[in-house]
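Colleague: Assemble the whole structure, with the sequences as input and the hints as a guide.
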Amino acid sequence: DTAVSQTPKYLVTQMGNDKSIKCEQNLGHDTMYWYKQDSKKFLKIMFSYNNKELIINETVPNRFSPKSPDKAHLNLHINSLELGDSAVYFCASSQPPHNEQFFGPGTRLTVL
Amino acid sequence: QKEVEQNSGPLSVPEGAIASLNCTYSDRGSQSFFWYRQYSGKSPELIMFIYSNGDKEDGRFTAQLNKASQYVSLLIRDSQPSDSATYLCAVRSGGFKTIFGAGTRLFVKA
Numbered sequence: 001d002t003a004v005s006q007t008p009k010y011l012v013t014q015m016g017n018d019k020s021i022k023c024e025q026n027l028g029h030d031t032m033y034w035y036k037q038d039s040k041k042f043l044k045i046m047f048s049y050n051n052k053e054l055i056i057n058e059t060v061p062n063r064f065s066p067k068s069p070d071k072a073h074l075n076l077h078i079n080s081l082e083l084g085d086s087a088v089y090f091c092a093s094s095q096p097p098h099n100e101q102f103f104g105p106g107t108r109l110t111v112l
Numbered sequence: 001q002k003e004v005e006q007n008s009g010p011l012s013v014p015e016g017a018i019a020s021l022n023c024t025y026s027d028r029g030s031q032s033f034f035w036y037r038q039y040s041g042k043s044p045e046l047i048m049f050i051y052s053n054g055d056k057e058d059g060r061f062t063a064q065l066n067k068a069s070q071y072v073s074l075l076i077r078d079s080q081p082s083d084s085a086t087y088l089c090a091v092r093s094g095g096f097k098t099i100f101g102a103g104t105r106l107f108v109k110a
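If you read the sequences in order, they're chains A and B.
For the first sequence, position 98 (counting from the first letter as 1) is numbered 98 according to our numbering, and the numbering increases by one without interruption.
For the second sequence, position 62 (counting from the first letter as 1) is numbered 62 according to our numbering, and the numbering increases by one without interruption.
A hint or two may mislead.
Lysine-lysine pairs mimicking DSS-like chemistry, simulated, CA-CA at most 27 Å apart [said to hold, decoys possible]: (1) B:42 x A:40; (2) A:67 x B:42; (3) B:42 x B:56; (4) B:56 x B:67; (5) A:71 x A:36; (6) A:44 x B:67; (7) A:52 x A:36; (8) B:97 x A:71; (9) B:42 x A:41; (10) A:44 x B:42; (11) A:19 x A:71; (12) B:97 x A:67.
The following label-pair restraints were derived from C-beta to C-beta distances [unchecked claim]: (13) A:41 x B:69: 25 to 33 Å; (14) A:16 x B:70: 38 to 46 Å; (15) B:16 x A:12: 37 to 45 Å; (16) B:70 x A:41: 22 to 30 Å; (17) B:17 x A:17: 48 to 56 Å; (18) A:82 x B:59: 41 to 49 Å; (19) B:80 x A:112: 33 to 41 Å; (20) A:69 x B:26: 34 to 42 Å; (21) B:39 x A:26: 22 to 30 Å; (22) B:82 x A:59: 31 to 39 Å; (23) A:57 x B:54: 33 to 41 Å.
Since the hints were derived computationally from the structure, they do not count as laboratory data.
For every residue, glycine included, the Cβ atom is placed at its ideal position computed from N, Cα and C.
Modeller: In structure tokens, the structure reads:
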């Protein structure tokens, strides 16, 4: 019954590696998001897709590449991981008219 | 000026008291306003949203919006220790982007 799910929950990896995080929502929402929450707990938008189309692309290094194979899935691939990429990454989804967002459980990424 | 500002706290209130959390925003075109609660190590969960000036009540929670003053608040009545968390204010303009404040940490003392 999980509305927004993410895998993996924890990811520990070495600098320079490439990793992916997957997100799925079963709410039937058209819009999905990736957020980064750093150690200071500030939640910052990275990307948003609406019906598989990229609509928000914040100032994020191009090592980060989102991909939406269908409107229920939004994945995040990160190349050449750096120490500063360590954070919790949240996926979320929303639907008009008010676009209240529902968040996944988060993926805690630790780059060593 | 930050787009969405909240007092980082911590705000400490005794059990049973009213907790008042405040948020100001800079974009006058903002249309929808949200309050999320985030427990440590967990994801943000929606408490309520408001889009019209005035008050909106849901159980022990009341959201208040004043667009002229660019101000939105959340009142928690009869605060419980389980309400201890970080409360995030979020504001959405006409597009798809929602801006989150840095959050206010609330402690409810038993």
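Colleague: Which hint numbers doesn't this structure obey?
Modeller: Going through the list in order, the structure violates no hint and respects every one.
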